[in-house]
Structure formats: structure tokens, C-alpha cells
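Going by the numbering used here, the first residue of the sequence shown is number 272, and it counts up by one from there.
Treat the hints as calculated values from the structure; they're not laboratory data. Wrong hints could be hidden among the right ones.
[Unchecked claim] Label pairs and their in silico Cβ distance ranges:
#, residue 1, residue 2, range
1, Leu388, Tyr277, 23 to 33 Å
2, Asn377, Gly425, 19 to 29 Å
3, Arg307, Arg276, 45 to 55 Å
Keep in mind that this is a model prediction, so the values were computed, not measured. Where a beta carbon is used, it is the ideal one built from N, C-alpha and C, also for glycine.
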Amino acid sequence: MAFVRYAPILVLACALTACGFQLRGGGANGLNIDYRLTGLTQASPMERTLVRALDAAGARRQAPADVHIQITDFQIRQLDGAVNADLRVAQRTLEAELEYRLLDVNGQHMVPDQRLLVQRSLRVNRDNLLGTHAEQEAMQQAMLETLVSQLVRGLDPVLAGRGRDPAS
Numbered sequence: 272m273a274f275v276r277y278a279p280i281l282v283l284a285c286a287l288t289a290c291g292f293q294l295r296g297g298g299a300n301g302l303n304i305d306y307r308l309t310g311l312t313q314a315s316p317m318e319r320t321l322v323r324a325l326d327a328a329g330a331r332r333q334a335p336a337d338v339h340i341q342i343t344d345f346q347i348r349q350l351d352g353a354v355n356a357d358l359r360v361a362q363r364t365l366e367a368e369l370e371y372r373l374l375d376v377n378g379q380h381m382v383p384d385q386r387l388l389v390q391r392s393l394r395v396n397r398d399n400l401l402g403t404h405a406e407q408e409a410m411q412q413a414m415l416e417t418l419v420s421q422l423v424r425g426l427d428p429v430l431a432g433r434g435r436d437p438a439s
């Protein structure tokens, strides 16, 4: 009788597994690749964040690399937005933009130039400028982590598309 009660759940679980369903982030934990990273300043916040995320995903930074991650452009821009009655900035928009390409061992494009963009708005509090600055720095770090997680998640399908199992 218990089998009949749990049979629909078992059938649903088998169907989801058969179609390739996996929980978010489930595929990025076993990248098992050697990578080379160029285009970022050594020990910059972006470089540290990217290396940490790739290490956590199982990738190794080594000279004979399977994948060359070439950062062609990285910028964080601050755009002044709305102003108040005194014509002082009341809102800022922060943009973090990352452009990159992935190359294989032979220098051939695995992924052509990609552009990732993250935008966040920040209310400027003139009564608490130090707090506003700390909030802006925290927001910039969160934006870096968002860009990096998008890049790392993008590696998984590319490696699977090459006929290589990224989880092995």
C-alpha cells in the first residue's frame, strides 16, 4: 500500500532526472578543468573573486590549461541619476561590466566575446555619507560576485558541449 502512495512521487523524480533536471548550482560544483586567466590586474578584487569562485567550482589554475579565460574588458561605472531640489545627487546607478572570451588549448574560440552587465541603484543619503560609501562598496562587491557566478555557470554548458563531462 505504501508503494502505491509514493509511486507518483517516484515517477516524477525519475522523469525529472531523465530530462536532465538539476537544482540550481548543482552543475557548477565539479568543473574539473585546468584554466588560465588573463586580462585582470594581479590581486585585484575582481581577480580574487573570480579565482575563488573557480577554485570552489573545482577548477585548477595551471599552466597547461584546458580553457583560457581571457578578460577583454572590466569596468565599474558610477552614473549620477536623480537630483533633489537643491540640485544635489539623490540617486546613483552603479554598473559593472565584464567582457570575456573562452579559448581552447589551440587558441580557438570556444565561446566568442561575451558581455555581462549588472546594474544597481543606490540612494545617496547626504546625512550619512560614510554609510552611503560603505553601502556602495558592499554593493560593488555583490555586483562582482554576480558577474563571476554568471561566468562560472556559463562554463558548464560549454564544457558539456565539447563532449566532455564537466562533473567527471
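Hint check:
1. The given range of 23 to 33 Å is broken by Leu388 and Tyr277, whose C-beta atoms sit roughly 46 Å from each other.
2. Separation of Asn377 from Gly425 is about 20 Å and conforms to the stated range, judged on CB atoms against 19 to 29 Å.
3. Between Arg307 and Arg276 the beta carbons are some 54 Å apart, a value that agrees with the proposed interval 45 to 55 Å.
Violation of the numbered hints given earlier is confined to hint 1; every other hint is satisfied by the structure.
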